[in-house]
Amino acid sequence: MSKLINLAKIIRTKNSGPFVLTIDIILKDKEIYERLKKKNYFSREWWAKTYNIDIEDVLSIVYFDPVCAVKANIRRFVSSGDFGDTDVYGAQQHAPLLEVEIDENC
Amino acid sequence: MLKIYSPTAILGYGFPIESYKKALELNPDVIAVDAGSTDPGPYYLGKGISFVEKEATKRDLSLLLEMAKKKDIPLIIGSAGGCGTKTSVEWTLNIVKEICKKEKMHFNIALIFSDVSKERVLQALRKGKIKSLDGSHELKENDVLNSTNIVAQIGVKPFIDALEKNSQIIIAGRSYDPNPFSALPLMKGYDRGLSFHLGKILECGAIACEPGSGRDGLMGVIFEDRFEVFPLDERKKCTVLSVASHTLYEKSDPYHLYGPDGMINLEDTVFLQKDERTVIVKGSKFIPSVKKWIKIEGAEFLGYRGVCIAGIRDPIMISKIDEILKAQYKILEENFPKLLGQYKISFHIYGKNGVMGPWEKEKRTSHELGLVIEVLSKNRKITKTILGFIRSSLLHFGYEGRISTAGNLAFPFSPAESIWGEAYRFSVYHLINEELEFPMEVFKI
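These protein sequences, in sequence, are chains A and B. Under the numbering used here, think of the first position of the first sequence as 1, with each following residue one higher. Under the numbering used here, think of the first position of the second sequence as 1, with each following residue one higher.
Quick caveat, the hints were computed from the structure, so don't treat them as lab data. Being a predicted model, the structure only gives us computed values, none of them experimental. Among the clues, some could well be false.
Just some of the chain B residues that point at chain A, by a computed CB distance under 7 Å [what the hints assert, rightly or not]:
#, residue
1, D39
2, G41
3, D134
4, S136
5, A244
6, E250
7, P254
8, Y258
9, W359
10, K361
11, A416
12, I419
The calculated lysine-lysine pairs, modelled on DSS-like cross-linking and capped at a C-alpha distance of 25 Å, are [unchecked claim]:
#, chain 1, residue 1, chain 2, residue 2
13, B, K118, B, K140
14, A, K3, B, K363
15, B, K237, A, K14
16, B, K282, A, K30
17, B, K3, B, K47
18, A, K3, B, K361
19, A, K9, B, K237
20, B, K140, A, K28
21, B, K282, A, K28
22, A, K14, B, K3
23, B, K86, A, K9
24, A, K14, B, K361
25, B, K118, A, K30
26, A, K49, B, K237
27, A, K14, B, K47
28, B, K363, A, K49
29, A, K14, B, K97
30, B, K71, B, K86
31, B, K292, B, K131
32, B, K361, B, K97
33, B, K101, A, K9
34, B, K361, A, K9
35, B, K104, A, K30
36, B, K237, A, K28
37, B, K274, A, K28
For glycine and all other residues, C-beta sits at the position ideal for the given N, C-alpha and C.
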């Protein structure tokens, strides 16, 4: 088990439109990336658990090979800038990912 | 070969003068710049104003207009004035006019408007020609009626039309970000996949570099079979990682980038390092859309927002913060029964879950809390009444176990609260399947 923060080059979140938060993880090691991708380690269940959200709110997951990246799109709890929003740009929603542990030898 | 200069991520964000001089030496064929975004939230679209200050936009425009004149090349501005409404296109035009008057420059100018009337959207809605997009709600008539502004993201055709009319300066309303960059290559017959993909990379300026920067420029060079990108600041570099990962940025699917004219398909795209600072991209394809679905964006007025900022350091109060705040709703109800339902309150508790709200998993609370009390109502006076009342009620609230009886809040400011003014929300973020007209004005100044 390793902390994701040690396996990743970039971990970031940002809005993809006002209603969706898009999360990017770019991994350092191609072999680990391939293994995790093959297992679909970053499944909808995994994202739902990590963000404390319903599985239906995980809209899609995409693996992007050119840079060993996995991306998840999750529904915002309110749209950007609406009453009750906490992060208009969605740029500070990556923190839970810095804590999670990954079984890179899965 | 065609060279496209992208000076900055957003017109008004600025760029180093050294990078600008470098671009001048390289003789670009066109200057293109994106000015807009939905990122800063719904307020700017709701009001029809820019999120960048006038003086900052004027500084960038002065230099870019000078280059356009000197090199006799077009300058294309997409999503002018940030939100791309008619008011923000005209705001940008007025800045251009001021500069031209002062510098005694003359240009053929094209304005492209992308506002869509409420009636048009309502008609389409009734005919079932609207669908939601990227997690947006199902559109209701009220969402449309309550919107102050609705704009459509225009495709590339109006830009090409404007270039064909010999426009030297194009100021366009809300546009698909890559289009100002893709217009000239497309007009000259370059490959559509490459032209659009290059536009996508250039639209954020030097963000697609290492180190990335939103206030610096990038040069794109398109050939028949590939394009190349490199930064103008010689200390920055484009790497396969920086360029390819930019394709991920702010987009839900990096392999399929949808726009008003169709989709850029990156499944066969190859990113290659040409030299230390230049990346070559090949293989991007364009798949035109069969049915034309155009994105529309609208914002709705919610009311007037008032905010009060306070700090809390008392550990007994911090341990009971949720129940203390909950009690305020009841006190308000008792004191203002007639206003019930006319206001909304949001407590932002920094040090607890201020940033992540319901997504917060960290259970520990900080030893001090930053409390932002937000009140919203349709009426400025009600907002002020409720906010002022919560402030005083919370300041003197006698919670259980309290031993500090002088006051519960540390206010950094006097007055402790402020009415911020209008608040909006994104009411429309949908696709419309209607033939929309985008009026254009061409004239000389």
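Hint-by-hint comparison with the structure:
With its C-beta approaching chain A no nearer than about 6 Å, D39 of chain B sits inside the 7 Å limit, and its interface hint holds. Taking 7 Å as the C-beta contact cut-off toward chain A, the hint placing G41 of chain B at the interface holds, the least distance being around 3 Å. For D134 of chain B, the suggested interface contact is upheld, since its CB lies about 4 Å from the closest CB of chain A, less than 7 Å. Of the supplied interface hints, the one on S136 of chain B holds, with its beta-carbon coming within about 5 Å of a beta-carbon of chain A, less than 7 Å.
Interface restraint check for A244 of chain B: the shortest CB-CB distance to chain A comes to about 4 Å, inside 7 Å, so the restraint holds. Taken as an interface hint, E250 of chain B checks out: its beta carbon lies about 5 Å from the nearest beta carbon of chain A, inside 7 Å. Look at P254 of chain B: its Cβ gets to within about 5 Å of chain A, closer than 7 Å, so that hint holds up. For Y258 of chain B, the interface hint is violated, the least distance from its beta-carbon to any beta-carbon of chain A being 11 Å, above 7 Å.
Hint status for W359 of chain B relative to chain A: holds, with the closest Cβ pair at about 5 Å, below 7 Å. At its closest, the beta carbon of K361 of chain B sits 6 Å from a beta carbon of chain A; the interface hint therefore holds under the 7 Å criterion. Among the interface hints, the one on A416 of chain B is violated; its C-beta lies about 21 Å from the nearest C-beta in chain A, farther than the 7 Å criterion. The closest approach between the C-beta of I419 of chain B and any C-beta of chain A is roughly 15 Å, which is over the 7 Å cut-off, so the hint fails.
Pair hint K118 of chain B plus K140 of chain B holds up; C-alpha atoms about 12 Å apart against a cutoff of 25 Å. Our distance criterion of 25 Å between C-alpha atoms is met by K3 of chain A and K363 of chain B, whose separation comes to about 20 Å. For the proposed pair K237 of chain B and K14 of chain A, the alpha carbon gap of about 23 Å is at most 25 Å, so the pair holds. Straight-line distance between C-alpha atoms of K282 of chain B and K30 of chain A comes to about 22 Å, which keeps the hinted pair within the 25 Å bound.
Using a Cα cut-off of 25 Å, the hinted pair K3 of chain B and K47 of chain B is violated, with the two alpha carbons roughly 36 Å apart. For the hint pairing K3 of chain A with K361 of chain B, the CA-to-CA distance comes to about 17 Å; that is within 25 Å, so the pair holds. Restraint check for K9 of chain A and K237 of chain B: the C-alpha separation of about 17 Å stays at or below 25 Å, so the hint holds. Restraint check for K140 of chain B and K28 of chain A: the C-alpha separation of about 45 Å exceeds 25 Å, so the hint is violated.
The suggested pairing of K282 of chain B with K28 of chain A holds, with an alpha-carbon distance near 24 Å, which does not exceed 25 Å. For the given pair, K14 of chain A sits about 30 Å from K3 of chain B by alpha-carbon distance, which is inconsistent with the 25 Å threshold. Proposed proximity of K86 of chain B and K9 of chain A is contradicted: the alpha carbons are some 42 Å apart, above 25 Å. As the CA atoms of K14 of chain A and K361 of chain B are separated by approximately 19 Å, the hinted pair is consistent with the 25 Å bound.
The suggested pairing of K118 of chain B with K30 of chain A is violated, with an alpha-carbon distance near 50 Å, which exceeds 25 Å. For the proposed pair K49 of chain A and K237 of chain B, the alpha carbon gap of about 38 Å is over 25 Å, so the pair is violated. Restraint check for K14 of chain A and K47 of chain B: satisfied, since their Cα atoms lie roughly 24 Å apart, inside the 25 Å limit. Distance hint between K363 of chain B and K49 of chain A is fulfilled; the C-alpha atoms sit about 16 Å from each other, no more than 25 Å.
Proximity of K14 of chain A to K97 of chain B is assessed by CA-CA distance (about 36 Å); at most 25 Å being required, the pair is judged violated. Our distance criterion of 25 Å between C-alpha atoms is broken by K71 of chain B and K86 of chain B, whose separation comes to about 29 Å. Proposed proximity of K292 of chain B and K131 of chain B is supported: the alpha carbons are some 12 Å apart, at most 25 Å. With a CA separation close to 53 Å, the supplied pair K361 of chain B and K97 of chain B exceeds the 25 Å bound.
The hinted pair formed by K101 of chain B and K9 of chain A fails the criterion: a straight-line CA distance of about 50 Å is larger than 25 Å. About 23 Å separates the Cα atoms of K361 of chain B and K9 of chain A, which keeps this hinted pair within 25 Å; it holds. Restraint check for K104 of chain B and K30 of chain A: not satisfied, since their Cα atoms lie roughly 57 Å apart, outside the 25 Å limit. Taking the CA atoms of K237 of chain B and K28 of chain A, the gap is about 19 Å. The hint holds against a cut of 25 Å.
For the proposed pair K274 of chain B and K28 of chain A, the alpha carbon gap of about 22 Å is at most 25 Å, so the pair holds.
Comparing the model with each numbered hint stated earlier shows that hints 8, 11, 12, 17, 20, 22, 23, 25, 26, 29, 30, 32, 33 and 35 do not hold.
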